[in-house]
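There are 2 protein chains.
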Amino acid sequence: MSRSFHPPQRILLGPGPSNVEPRVLQAMLAPLLGHMDPVYFQCMDEIQDLLRSVFETGNRVTFTVSGTGGAGMETCLANLIDEGEEVVVCVNGFFGERMAELAARWGATVIRVDSDWGQPFDMQKVRDAFRKSSARVVTMVHAETSTGMRNPIEELKSLRDVRDAILVADTVTSLGAHPVGIDRNSIDASYSCSQKGIGAPPGLAPVTFSERALEKIRNRKAPPRTWYLDVQLLNKYWGSDRAYHHTAPALMNYALREALCIILEEGLEARWQRHERNSGTFVAGIEAMGLEMLVAPEYRLWSLNTVRVPDGVDDARVRSRLLNSHNIEIGSGFGVFKGKIWRVGLMGANSNQNTVLLLLAALKSAIATRA
Amino acid sequence: MSRSFHPPQRILLGPGPSNVEPRVLQAMLAPLLGHMDPVYFQCMDEIQDLLRSVFETGNRVTFTVSGTGGAGMETCLANLIDEGEEVVVCVNGFFGERMAELAARWGATVIRVDSDWGQPFDMQKVRDAFRKSSARVVTMVHAETSTGMRNPIEELKSLRDVRDAILVADTVTSLGAHPVGIDRNSIDASYSCSQKGIGAPPGLAPVTFSERALEKIRNRKAPPRTWYLDVQLLNKYWGSDRAYHHTAPALMNYALREALCIILEEGLEARWQRHERNSGTFVAGIEAMGLEMLVAPEYRLWSLNTVRVPDGVDDARVRSRLLNSHNIEIGSGFGVFKGKIWRVGLMGANSNQNTVLLLLAALKSAIATRA
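In order, the protein sequence lines correspond to chains A and B. One gets my numbering by counting positions in the first sequence from 1 and adding 119 to each. One gets my numbering by counting positions in the second sequence from 1 and adding 119 to each.
Which copy is meant is left open, because identical chains are indistinguishable; a pair holds if it fits in one copy or across any two.
Subject to a maximum C-alpha distance of 25 Å in a straight line, what follows is the list of computed DMTMM-like cross-link-like pairs (lysine to aspartate or glutamate): (1) K457 - D360; (2) K459 - D156; (3) K457 - D156; (4) K355 - E216; (5) K340 - E205; (6) K340 - D201; (7) K355 - D434; (8) K340 - E202; (9) K483 - D156; (10) K457 - D433.
In short, the hints are calculated from the structure, not lab data. Since this is a predicted model, take the numbers as computed values, not measurements.
In isolation and in its complexed conformation, chain A is listed as follows:
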């Protein structure tokens, strides 16, 4: 059983994970601490401070859930939804669909506001749906990873002109790459992941909850079924009580801490601009090759760039050639875009000029090769 494992060195330009800086990997080699060690508690405090900066929030309850981004989605919805209540879910892609699915699983009567995948929301429709419903919770995916579309979470707060609302934003593919402005945009709950804009390995889900969200959670009729993702229990460990809940994935948190330090050293604004610039270079290159982007310029994500597969080109063959001849992973389309788009992640360390140049050259070669 001493089979060795030597995976190839991929350039990860799919929807995530993205490649991780050596500093972040090295951080995982720091001595392992127990989850009740006073030095580990310091590390937790630092992570909370760093996450608040990156989420652009003062929320006290800001920490990592010990699971991947999907666990973050489940944490937000399982805690915020009471059995039988209406929830407005905006859907224009796979992850919006997933939010609708999870909201229903957790007992919501889901009021969907749909746009076609890859098309912007009509905010008047969102407002009308909210007004006509009894919903107190409204959800939107900020960066729709399935389509490359940026949705306007900053417009959700206008719903409060109708009545009070708990606003939930999925920032899985935006945090660390795009401004999310949790406080500025009056978002009450948000979750993300470690392996995209943040630049750490996959395994953790940063979450943040406003006081308004916590008040709704405290007033639940019953605790959420989930114990592992119960925000109030988790906060007894991350907060000042330090009450044991589960054994923390300490090395993952070391890595996340280092990745967050790197973000703040670069500066949030500089980091966003870097993602914007490299996405722009990529788009210019794509268009110079005669290819087309899926999403209109004003809605494009910088972190996840979607390119239409040209007519007559075999999507799977191109991706396979990129992987096998160039060690480059890009993402396929799925759902209505299966075979129709490529999804190109330029996130964290991989949002850089040389990676873009290499990808453009390799993509051109892979498309040109008829094998």
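Knowing the structure of chain A, use the given hints to seat chain B on it.
Chain B in isolation, oriented as in the chain A frame:
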């Protein structure tokens, strides 16, 4: 924000995490792969094979859940329990209590069979409770981490003389250190963790499900609320479908794979014997110091050894001295044993003669020092 983080090099002899071998840490530095990469699929297949060996099972559905041991417990209970059904939960420690709590959260009417913490179960009481109930699920903690007691999961199968039953065993603190014999003992569902007997960092929960357990899950009236821990969805990714579910924590799985390879290189029986031998050395040393073990010899865990705090000795002061003067972490008692016992983990790489000798010497010194 470029504050450096240099935690002390602890010797982790609490209830877990335990120290990790350099080979396992190095495995995390292999190039990161995407969760849909064919090479990563091979790694997943290997992990499944290796886990089957360590669980001593042929169960097809054997994989890691992307969370810590608590996520493993939730996975088993959330999937196996249908709303309103009776479940027999054997409780003689904190983790038995937790199973009762989670079973209730997931909709069970819990039939508790209690023994005092640290006392063996009366199996006749378990049989009687099962007979009088309508329960189809019975749960027991194999290695009760709160007391250091080994419970007789091998006796559960006699319940089938009464009627068919789904047997659930918590093997969080036994897997990789004690025989668990999932198939031999006819256990239908079990969960463990990565950071104890397995010797990997914390962050993953190995789970295994028998065909009998899967049949019950397939016949649920409704899917479990949890999407993140839905066994049928997870198995579509781990099984031959390879359907995307969530982004795998790949580096954690690399580490687990390496730790499992080390286990099989050592050999399961040799590893169990090593844990037994080093626990025996520790107990002999403790008794030579005039201290007492909490648990009777026939029920003692080798992985987690509980020592009574002698009269007149300040539990917290001794632990603090071990941590601050010797960089040794041991665990405190909790619940009814708060301040009454020390919990000493000798697991994985830390089950070795020199660590035991050092701990005994340091403990003797810490007790003797009246500061």
